[in-house]
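Visitor: Chains as they are written, first to last, in the working numbering: chain C, 1 to 275; chain H, 1 to 275.
Some hints could be false.
Pairs involving identical chains hold if they fit within one copy or between any two copies, as the list cannot separate such chains.
[To be verified] BS3-like mimics (lysine-lysine), calculated; alpha carbons at most 30 Å apart, straight line:
hint, residue 1, residue 2
1, Lys27, Lys133
2, Lys133, Lys84
3, Lys202, Lys34
4, Lys273, Lys44
These are calculated hints, taken from the structure and not from any lab test.
Each chain, written out:
Number of protein chains: 2
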Amino acid sequence: MNRSQLFNHIIEKQSYLCVGLDTDILKIPPHLHKERDPIFEFNKQIIDATYKYCVAYKPNTAFYETLGARGWESLQKTLDYIPKDIFTIADAKRADIGNTSAMYARAFFNKEESGLDFDAVTVAPYMGEDSVKPFLEFEDKWAIVLGLTSNIGSQNFQTLKLANGNFLYQEVLKTVATWGSADQLMFVIGATKASEFADIRKIIPHHFLLVPGVGAQGGDLQSVSQHGFNSQCGLLVNSSRNIIYASSGLDFATQAGNAAKAIAEEMKEYLDKFL
Amino acid sequence: MNRSQLFNHIIEKQSYLCVGLDTDILKIPPHLHKERDPIFEFNKQIIDATYKYCVAYKPNTAFYETLGARGWESLQKTLDYIPKDIFTIADAKRADIGNTSAMYARAFFNKEESGLDFDAVTVAPYMGEDSVKPFLEFEDKWAIVLGLTSNIGSQNFQTLKLANGNFLYQEVLKTVATWGSADQLMFVIGATKASEFADIRKIIPHHFLLVPGVGAQGGDLQSVSQHGFNSQCGLLVNSSRNIIYASSGLDFATQAGNAAKAIAEEMKEYLDKFL
Numbered sequence: 001m002n003r004s005q006l007f008n009h010i011i012e013k014q015s016y017l018c019v020g021l022d023t024d025i026l027k028i029p030p031h032l033h034k035e036r037d038p039i040f041e042f043n044k045q046i047i048d049a050t051y052k053y054c055v056a057y058k059p060n061t062a063f064y065e066t067l068g069a070r071g072w073e074s075l076q077k078t079l080d081y082i083p084k085d086i087f088t089i090a091d092a093k094r095a096d097i098g099n100t101s102a103m104y105a106r107a108f109f110n111k112e113e114s115g116l117d118f119d120a121v122t123v124a125p126y127m128g129e130d131s132v133k134p135f136l137e138f139e140d141k142w143a144i145v146l147g148l149t150s151n152i153g154s155q156n157f158q159t160l161k162l163a164n165g166n167f168l169y170q171e172v173l174k175t176v177a178t179w180g181s182a183d184q185l186m187f188v189i190g191a192t193k194a195s196e197f198a199d200i201r202k203i204i205p206h207h208f209l210l211v212p213g214v215g216a217q218g219g220d221l222q223s224v225s226q227h228g229f230n231s232q233c234g235l236l237v238n239s240s241r242n243i244i245y246a247s248s249g250l251d252f253a254t255q256a257g258n259a260a261k262a263i264a265e266e267m268k269e270y271l272d273k274f275l
Numbered sequence: 001m002n003r004s005q006l007f008n009h010i011i012e013k014q015s016y017l018c019v020g021l022d023t024d025i026l027k028i029p030p031h032l033h034k035e036r037d038p039i040f041e042f043n044k045q046i047i048d049a050t051y052k053y054c055v056a057y058k059p060n061t062a063f064y065e066t067l068g069a070r071g072w073e074s075l076q077k078t079l080d081y082i083p084k085d086i087f088t089i090a091d092a093k094r095a096d097i098g099n100t101s102a103m104y105a106r107a108f109f110n111k112e113e114s115g116l117d118f119d120a121v122t123v124a125p126y127m128g129e130d131s132v133k134p135f136l137e138f139e140d141k142w143a144i145v146l147g148l149t150s151n152i153g154s155q156n157f158q159t160l161k162l163a164n165g166n167f168l169y170q171e172v173l174k175t176v177a178t179w180g181s182a183d184q185l186m187f188v189i190g191a192t193k194a195s196e197f198a199d200i201r202k203i204i205p206h207h208f209l210l211v212p213g214v215g216a217q218g219g220d221l222q223s224v225s226q227h228g229f230n231s232q233c234g235l236l237v238n239s240s241r242n243i244i245y246a247s248s249g250l251d252f253a254t255q256a257g258n259a260a261k262a263i264a265e266e267m268k269e270y271l272d273k274f275l
């Protein structure tokens with residue numbers, strides 16, 4: 001999916017919500033355990049209940065890898081089930097030396113080989129240019145590079161001050177943005193740093209930002225939207241646990257739909273107000 | 001496997017060689033394609049031919065993920081086939097926020113859930129403390145954190161000068177070393193920086209270092225050994241392509257064995273000389 005298609009979906013649905021499919025076998029409702037593939041069955045019902053309110057799904061690969069090969073199968077079935085007008089993100093935080101990153105890119109983008117054809121993969125920047133560029137060689141596919149993350153550990157290295165006066169994450173944004181265009185690259189920017197969005201937009205005005213952590217990780221959707229929007233919205237705001245675990249009972253899908261709807265309604269308001 | 005067991009294996013075998021099982025379906029000998037699981041068959045023969053000369057195997061997960069669920073099965077069969085006195089490393093370069101890193105740790109360490117029980121996983125440091133610590137909560141299991149990598153992209157961020165005068169990778173080594181002991185943590189240190197080993201040993205004198213890139217990525221085994229050894233050897237030196245693709249013919253396993261043997265003989269010399 002390319003940038004203008006993504007923007008069109010945002011306008012049509014009046015939502016920039018990304019639903020994180022962080023599906024934990026230990027947290028799904030007990031009645032699903034009798035299914036042949038409980039993880040897929042959970043995801044299927046969550047997707048049915050939420051897809052009207054979101055423009056993206058983001059399964060985090062850790063939750064599937066914990067189940068080994070059968071987890072990988074659940075991931076593939078989930079991806080196949082997601083309607084084609086929805087942007088799909090493998091939240092995998094991969095990166096390795098050039099030829100190995102190219103294997104990861106094939107793993108997530110090349111359906112013929114791996115069974116998966118996500119629109120985007122999240123990528124860790126520490127190993128530099130040759131570790132990121134292989135993800136940029138697929139048409140209408142995206143690398144979403146970690147900039148400033150929302151967890152407490154972001155303070156260990158990402159906010160270190162460099163000799164040139166920048167914070168490390170600012171240098172990462174500035175440098176990575178030279179490796180590809182805003183049609184191939186997005187950045188992960190933690191929602192707990194809404195005050196920094198204005199500064200970040202000076203460095204990367206045109207890129208989409210994937211904002212995790214509205215909800216369980218804290219954050220402020222209004223402030224993020226006010227300071228983070230660009231002319232093409234430029235934000236995908238993720239919520240995982242607050243939606244998919246809104247209820248642990250038989251009504252889990254209905255409650256997930258309600259939680260997604262509530263966020264989407266707030267987003268409509270901010271699109272009207274700030275875009 | 002704990003540190004003294006690993007050191008004992010190094011002394012017994014007179015080798016600190018790690019063989020990288022970066023098995024690419026496009027590069028294995030054509031006659032293996034008729035096998036039901038060509039990747040596993042290749043690995044099995046490579047292991048049979050090389051295990052006398054090495055103390056560790058390191059499959060890079062990218063090469064298995066490219067094949068989706070069946071690649072994950074080949075990885076599991078490969079791990080099950082490796083003799084128990086060999087240290088096993090999932091070269092996965094994972095890390096995420098705390099609860100998600102915990103899922104990755106279970107994916108690679110908890111056989112009951114995932115089918116995999118590696119001794120160690122490589123971990124990317126960018127997301128900080130809560131992304132690394134979940135890997136340290138398993139007895140006799142290891143996190144091998146990226147310090148200074150051997151690829152050209154290591155120059156983008158790892159060698160940035162900080163306001164405090166350190167390079168970023170030095171700060172990473174120093175900080176990460178406070179999160180666990182030398183019985184749980186190792187670091188990836190690129191072999192092309194042999195001149196920097198003495199400085200690195202000042203920061204982390206006791207840790208094992210995983211040194212990639214002797215062979216295809218360049219490097220100098222003598223210099224690395226001379227400057228990198230500590231009293232318990234403290235080095236695992238990896239070679240992948242130079243061993244596993246030593247020949248692309250029917251004799252690929254024999255030639256892999258010969259290539260591993262040649263490196264091990266050199267290592268024996270350096271253990272005699274420098275340890």
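Visitor: All the hints need checking, so say for each whether the structure fits it.
Guide: Checked hints:
no. : hint           : verdict
1   : Lys27 - Lys133 : between (36 Å within a copy, 22 Å between copies)
2   : Lys133 - Lys84 : within (26 Å within a copy, 38 Å between copies)
3   : Lys202 - Lys34 : neither (52 Å within a copy, 56 Å between copies)
4   : Lys273 - Lys44 : neither (33 Å within a copy, 62 Å between copies)
Violated hints for the displayed structure, listed by number in ascending order: 3 and 4.
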